[in-house]
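Work out the full structure, taking the sequences as your base and the hints as a guide.
2 protein chains.
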Amino acid sequence: MQDTEPFVPRVPGIDYGVLDTFLGYAVRRAQIRLYEDFIASLAPWGITPPRFTAMVIVSRNPGLKLIQLAKVMGIARSGAVILVDALEDLGYMQRHPVPEDRRAFNLALTEKGRTDLVNIIQAVQEHDQRMSRMFSTEEQARLRRQLIQLAGGTPE
Amino acid sequence: MQDTEPFVPRVPGIDYGVLDTFLGYAVRRAQIRLYEDFIASLAPWGITPPRFTAMVIVSRNPGLKLIQLAKVMGIARSGAVILVDALEDLGYMQRHPVPEDRRAFNLALTEKGRTDLVNIIQAVQEHDQRMSRMFSTEEQARLRRQLIQLAGGTPE
DNA sequence: TATTGTTATACTCTATAACTATA
DNA sequence: TATAGTTATAGAGTATAACAATA
Numbered sequence: 007m008q009d010t011e012p013f014v015p016r017v018p019g020i021d022y023g024v025l026d027t028f029l030g031y032a033v034r035r036a037q038i039r040l041y042e043d044f045i046a047s048l049a050p051w052g053i054t055p056p057r058f059t060a061m062v063i064v065s066r067n068p069g070l071k072l073i074q075l076a077k078v079m080g081i082a083r084s085g086a087v088i089l090v091d092a093l094e095d096l097g098y099m100q101r102h103p104v105p106e107d108r109r110a111f112n113l114a115l116t117e118k119g120r121t122d123l124v125n126i127i128q129a130v131q132e133h134d135q136r137m138s139r140m141f142s143t144e145e146q147a148r149l150r151r152q153l154i155q156l157a158g159g160t161p162e
Numbered sequence: 007m008q009d010t011e012p013f014v015p016r017v018p019g020i021d022y023g024v025l026d027t028f029l030g031y032a033v034r035r036a037q038i039r040l041y042e043d044f045i046a047s048l049a050p051w052g053i054t055p056p057r058f059t060a061m062v063i064v065s066r067n068p069g070l071k072l073i074q075l076a077k078v079m080g081i082a083r084s085g086a087v088i089l090v091d092a093l094e095d096l097g098y099m100q101r102h103p104v105p106e107d108r109r110a111f112n113l114a115l116t117e118k119g120r121t122d123l124v125n126i127i128q129a130v131q132e133h134d135q136r137m138s139r140m141f142s143t144e145e146q147a148r149l150r151r152q153l154i155q156l157a158g159g160t161p162e
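Residue numbers (our numbering), protein chains in the order written: chain E, 7 to 162; chain R, 7 to 162.
It is possible that part of the hints are untrue.
Note that identical chains are pooled: a pair holds if it fits in a single copy or bridges any two copies.
Only pairs whose alpha carbons sit at most 20 angstroms apart, straight line, appear in this in silico DMTMM-like list of lysine to aspartate or glutamate [unchecked claim]: (1) 77 / 26; (2) 71 / 107; (3) 118 / 91; (4) 118 / 11; (5) 71 / 117; (6) 77 / 43; (7) 71 / 106; (8) 71 / 94; (9) 77 / 42; (10) 71 / 11; (11) 118 / 42; (12) 118 / 95.
It is worth saying that the hints were derived from the structure and are not from the lab.
Right under this line is the structure:
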């Protein structure tokens, strides 16, 4: 059965009450929309947001250990194991033994991972531009700065 | 073991590459932070964001049917069944038979649901204000408007 | 003792598909 | 036939806790 259509942010005749007053609810609705379009745009590669983040982080920080990846992504070590397993199954990532510490592995993209990441990044760029093209360059920059503040982060 | 600390949006020494250029990644980081604080603030009631949304929607639209709740929330009917089950288990929601249509139920909050929702809404308001108090009233309004645009919605 | 990675287990949120009882 | 709700099943993504190997 066809049950799920794209999310309708406002159904006519429905009273959303206090939900309309919360910044958090607005962020959540935006996130839902962005997530839907991200998944659709990246479907050819089987890439989800956490997988994309992991690929970019590992590609920019070669030799990262699993525990560091977990910390950067804000997830438990056990979650990082599953994430790396999935990327290994997709042929995008590999664990390399570390001679100096036989408990640990250095994470790295495979050749296929590096090649596909170029196209994946381009697809994400197109997705991101499609989602944000209703804003001027300055509006986008300001919006991103405010969101980073909201996230508790170092606005660059 | 103590494994998961609060999400660190920027780990020193890590190169985030293109992630820093995407509006979508900024939204996701903000969402992670807001979600963490929401869950912590609502822990006394066992309320998650979808459960809160469902409670508010049902309280403002009494007699809503399960299939309508699913549509408003953008989830499948089977998901709405699980959500309503959880809220029934918490003693917050009830299904009432509809005489004119014996397949359907009208959803409604229980007495306890109505009473607790007052306190729950207050806790969410405090959470939302705590998260957004670094912005002026105008900045908040503009930010919310932009997020609603991003979500593809009717900016009020 | 502490750390790295793994496994076992569980919970939330989501989906698709088949089923039932009604309409 | 179509609709409202349910159940069965599955898959992400997350968690905590215990474990083995190594430091």
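Hints that the structure is at odds with (numbers, increasing): As far as the earlier hints go, 4, 11 are violated by this structure, in ascending order.
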